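Colleague: These protein sequences, in sequence, are chains U and V.
Take any residue in the first sequence, note its place counting from 1, add 6, and you have its number in the working numbering.
Take any residue in the second sequence, note its place counting from 1, add 58, and you have its number in the working numbering.
Hints in this document: simulated from the structure, not taken from any laboratory.
This structure is a prediction, so every number in the text was calculated from the model and none was measured.
Any given hint might turn out to be false.
Unchecked claim - Here are the computed lysine to any residue pairs in the SDA-like style, where the Cα-Cα straight-line distance is at most 25 Å:
id: 1; chain 1: V; residue 1: Lys67; chain 2: V; residue 2: Val77
id: 2; chain 1: U; residue 1: Lys107; chain 2: V; residue 2: Phe70
id: 3; chain 1: U; residue 1: Lys107; chain 2: V; residue 2: Glu73
id: 4; chain 1: U; residue 1: Lys11; chain 2: V; residue 2: Phe146
To be verified - Heads up, incomplete: computed chain V residues facing chain U, CB under 10 Å, no partners named:
id: 5; residue: Tyr91
id: 6; residue: Tyr93
id: 7; residue: Gly100
id: 8; residue: Tyr106
id: 9; residue: Thr144
id: 10; residue: Phe146
id: 11; residue: Leu148
id: 12; residue: Thr155
id: 13; residue: Phe158
Cβ coordinates follow ideal geometry from the N, Cα and C atoms, glycine included.
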Amino acid sequence: DQQVKQNSPSLSVQEGRISILNCDYTNSMFDYFLWYKKYPAEGPTFLISISSIKDKNEDGRFTVFLNKSAKHLSLHIVPSQPGDSAVYFCAASELTGGGNKLTFGTGTQLKVEL
Amino acid sequence: DGGITQSPKYLFRKEGQNVTLSCEQNLNHDAMYWYRQDPGQGLRLIYYSQIVNDFQKGDIAEGYSVSREKKESFPLTVTSAQKNPTAFYLCASRQHTEAFFGQGTRLTVV
Numbered sequence: 007d008q009q010v011k012q013n014s015p016s017l018s019v020q021e022g023r024i025s026i027l028n029c030d031y032t033n034s035m036f037d038y039f040l041w042y043k044k045y046p047a048e049g050p051t052f053l054i055s056i057s058s059i060k061d062k063n064e065d066g067r068f069t070v071f072l073n074k075s076a077k078h079l080s081l082h083i084v085p086s087q088p089g090d091s092a093v094y095f096c097a098a099s100e101l102t103g104g105g106n107k108l109t110f111g112t113g114t115q116l117k118v119e120l
Numbered sequence: 059d060g061g062i063t064q065s066p067k068y069l070f071r072k073e074g075q076n077v078t079l080s081c082e083q084n085l086n087h088d089a090m091y092w093y094r095q096d097p098g099q100g101l102r103l104i105y106y107s108q109i110v111n112d113f114q115k116g117d118i119a120e121g122y123s124v125s126r127e128k129k130e131s132f133p134l135t136v137t138s139a140q141k142n143p144t145a146f147y148l149c150a151s152r153q154h155t156e157a158f159f160g161q162g163t164r165l166t167v168v
């Protein structure tokens, strides 16, 4: 049972345009969400996170939006740059419950074209 | 330098042999994790530990074992019972919010 889903395996965007990566979850107990970027044969690096008490968090070119009623979050990258080409994973956990289990989605391969 | 160290980066083993992957962190984090990455399957949780001397099974624990005798160390043993051990293994540690990952170990069983 996949509790965190990224239904788009790949996304192609032109340089300078907006990239929107989507993530859906099924567990209503999740209250903390994270986005990671990963290059081949390397460990993921943390990008941005959001708590369930917020609906938006922004850090430079990266903005994460959370829609709790829809159990959906998205990562917006504006403007997209060629160096953003990587696999992006969303992850979720139950922080207030004291649980440390961190569940990841299947990832979306982003390609930013010149 | 604070961080997570996985060793070795590449590991080859013969089928039927047990192998142990190392993960060390000096971030003083309580929680540590092992994930496995296969093409098209994202990061799947094998085991995690919230505190020393305690660990829980993740979603794909069969054929794996772990120990957490020290806060900074969380080794993963891939046993001969794991049917498809060839994969990229990632270790992470976490204190409340974001998790930090090591550089991974590519295990190839021949």
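Colleague: Work down the list of hints and note, for each, if the structure agrees.
Modeller: Structure-based check of each hint:
1. Of the pairs offered as hints, the one joining V:Lys67 and V:Val77 holds, with about 14 Å between alpha carbons and a cut-off of 25 Å not exceeded.
2. In summary, the hint linking U:Lys107 to V:Phe70 is not supported, as the alpha carbons are separated by about 29 Å, beyond the 25 Å threshold.
3. Between U:Lys107 and V:Glu73, the direct Cα distance comes to roughly 31 Å. Violation of the 25 Å bound is thereby established for this hinted pair.
4. A threshold of 25 Å between alpha carbons decides the hint, and for U:Lys11 with V:Phe146 the separation of about 21 Å falls inside it, so the pair holds.
5. For V:Tyr91, the interface hint holds, the least distance from its beta-carbon to any beta-carbon of chain U being 6 Å, beneath 10 Å.
6. With its C-beta approaching chain U no nearer than about 7 Å, V:Tyr93 sits inside the 10 Å limit, and its interface hint holds.
7. The beta carbon of V:Gly100 is positioned within 10 Å of a beta carbon in chain U (closest approach about 4 Å), and the interface hint is therefore held.
8. Taking 10 Å as the C-beta cut-off, the interface hint given for V:Tyr106 holds, the closest approach to chain U being about 6 Å.
9. The criterion of a C-beta within 10 Å of any C-beta in chain U is not met by V:Thr144, whose closest approach is roughly 14 Å, and the hint is violated.
10. Interface restraint check for V:Phe146: the shortest CB-CB distance to chain U comes to about 7 Å, inside 10 Å, so the restraint holds.
11. Contact between V:Leu148 and chain U, as hinted, is supported at the beta carbon level, the nearest pair being about 6 Å apart and thus within 10 Å.
12. This hint holds: V:Thr155 has a C-beta 6 Å from the nearest C-beta of chain U, less than the 10 Å allowed.
13. With a least beta-carbon distance of about 7 Å to chain U, the hint placing V:Phe158 at the interface is held under the 10 Å criterion.
Hints 2, 3 and 9 from the list above are not met by this structure, while the remaining hints are.
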